[in-house]
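Asks: As they're listed, the protein sequences go chains C and L. Numbering-wise (the working numbering), the first sequence opens with residue 1 and increments by one. Numbering-wise (the working numbering), the second sequence opens with residue 1001 and increments by one.
Some hints here could point you the wrong way.
Computed footprint of chain C on chain L; a stretch qualifies when at least three of its residues, placed anywhere within it, have a C-beta under 8 Å from a C-beta of chain C [to be verified]: (1) 1014-1021; (2) 1026-1036; (3) 1041-1055; (4) 1133-1143.
Quick caveat, the hints were computed from the structure, so don't treat them as lab data. Every residue gets a Cβ at the ideal spot worked out from N, C-alpha and C, and that includes glycine.
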Amino acid sequence: MRYRFLSLVFSILAGTVAVETFRETLFYGILSMVLPPWIFYGVIAVPVIGFISEKRVFSTGYYIALVILVLIPSIQDSELFEGVIDAIYYLGYETLSRSIFDLFPYRDSLDSLFTVTALHLAGIYSENLEAFERRLNAEGYRFTVTPSLFLLMLTVGFVYINLDRISSISAESNFVYALISLLLLSFSIMLIWRLKE
Amino acid sequence: MSAKKVVAMKSLERELLKLLAVLIVLSVILIMEKILLLALMVLILYLIPSKFHTGVTGLYFNPPSHVGDEVVLGFTVTIAGIGYARISLKTDETVHVVEGNPRTGGFVPLFRRFRIHVRGVALKRGRVNFGILNVRFDDVFLLKESSKEIRLNAESEVRVRVRKVKKIRAKRRKVRDSYPDIDVSRIGVPGTDFREIRKYMPGDPVKFINWKATAKKNEILVNEFEVEGKRAVWFVINTSHHPFADRYYLENALETAASLAYYFTRRGHKTALTLTGTAKTIYPDLGRKQFNRIIKELTTAEPESRTPIATLNETKKLMMYHMPFVIYITHIHDDLSAFNELRKSGLKSKLMIVYGKESSNTLAGIAMSMMLRHKIRKGADVVRDTVRVRL
Chain C
1 MRYRFLSLVF SILAGTVAVE TFRETLFYGI LSMVLPPWIF YGVIAVPVIG FISEKRVFST
61 GYYIALVILV LIPSIQDSEL FEGVIDAIYY LGYETLSRSI FDLFPYRDSL DSLFTVTALH
121 LAGIYSENLE AFERRLNAEG YRFTVTPSLF LLMLTVGFVY INLDRISSIS AESNFVYALI
181 SLLLLSFSIM LIWRLKE
Chain L
1001 MSAKKVVAMK SLERELLKLL AVLIVLSVIL IMEKILLLAL MVLILYLIPS KFHTGVTGLY
1061 FNPPSHVGDE VVLGFTVTIA GIGYARISLK TDETVHVVEG NPRTGGFVPL FRRFRIHVRG
1121 VALKRGRVNF GILNVRFDDV FLLKESSKEI RLNAESEVRV RVRKVKKIRA KRRKVRDSYP
1181 DIDVSRIGVP GTDFREIRKY MPGDPVKFIN WKATAKKNEI LVNEFEVEGK RAVWFVINTS
1241 HHPFADRYYL ENALETAASL AYYFTRRGHK TALTLTGTAK TIYPDLGRKQ FNRIIKELTT
1301 AEPESRTPIA TLNETKKLMM YHMPFVIYIT HIHDDLSAFN ELRKSGLKSK LMIVYGKESS
1361 NTLAGIAMSM MLRHKIRKGA DVVRDTVRVR L
């Protein structure tokens, strides 16, 4: 139960970070004219409902919703967004395309995205550690797996500290991204293979 | 030692896989390569290895010689690695643990020692290794698991206990079948068939002294001849697999058979054994060697799939040749088809019911006592444990 509660804390923190990041956009300013500002914090209710109803607290759906909120400030960085804007422009709706473009001024939100992802990772671990400890107790072992969570925090912190360095190296050459993609693909295949066994 | 990697924490891996999938899909759809950097957090978790090294020191082992004897085992396991160790001593079938915990484990920050000390009662017969250790090691992020099996030098030969049967006596009632001679004489009337040379014992006739062997060995040795006039006793033990025949029943049945075999061998009867589960038969014979053969067979006996009636149909012909007194040792749940077949064949036989684990359920207890009453009506004797053997 204590790990699940920890997961709830992580999910609420992540939700707050995501909403705060989204609040700094122009798009939020327009939306707040129509909707009351507190309604955006309603997102945080999702993990609380999950916690009360004994379901997943920090679910993948919730994480995706937060990622979308966090990515809105830096959507200009997306090639897809640029493509859409260009398409509208070449279709003859120049004013519309410029308005949409101005609606999403670029603001780097990679830090927030990283925080949300790190909290999601911690949330995944918290919920699974609880199940793992329950299984250990059923097998007759009496020890805690809390060090995993602590070391996870350390590892994530280590990556966070070096994030700027990694992103500057990556920005110089797309080869790093290609390498990460390759690693990701091979890891995904390996994981699928292991799960199949 | 054998090491193998096994799949662990499937749900955690599934969650991480989902996270990776989300990141890949988002970066591809939005064409934002920066999102891929986030995947590094997940990838780095897989870089921690789950390799570990073990060592066992301070082994203390007090071996049992019979089923039911005390076993004491203590040792220290040293583990080097980073992760979680789960050490378990295999005791399910071999030892009933009375004191201590056969499982231990915890977080290993590079190096850690774990101590296991158990005291229990031996359950398994035969050549048993009481020191089989299973060490499982999870990496610190619980994504990979390695395991090792360590066999300690804690092997022992566990035999069936032979209890002292003080006296076998029939109940005061009108019996249809009497037991074989239960006289107190050590041997029957010696025949002419030579059996072995043994040491002289007071009371042996002088004419049986083997003077040649005596001169050679410089001690008085006598010739022993096959005895006549004593009926062979054939033990048929129901070792066929049955859902309600538990381990306690088997141990009690084997102990009863061993004790009775000793009793009848000492009194000069030929003894034979049939185990229904394996259809293994030891032909009737006399003496200590035969007793040792029976004990050896009882030590390795385990429940098997063959039915008692099938085994009996196979050995009946041999039984008819020797016309022994058959002691059929079985459990309370037996349908007695094999015993009825023995009776039909005209062989003198006795049914002996041996108890298994007592049921704590009242309803089951009532059902069992009803079954028992039915079997007693059929002439069965009930043995709760071999200390109180009374035929």
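Asks: Next step is simple, just say for each hint if it's right about the structure.
Replies: Going through the hints against the structure:
1. 1014-1021: It holds, with 8 qualifying residues against the three required.
2. 1026-1036: holds (count 9)
3. 1041-1055: Result for this restraint: holds, n = 6.
4. 1133-1143: The restraint on the segment 1133-1143 of chain L holds, since 3 of its residues have a Cβ under 8 Å from chain C and three suffice.
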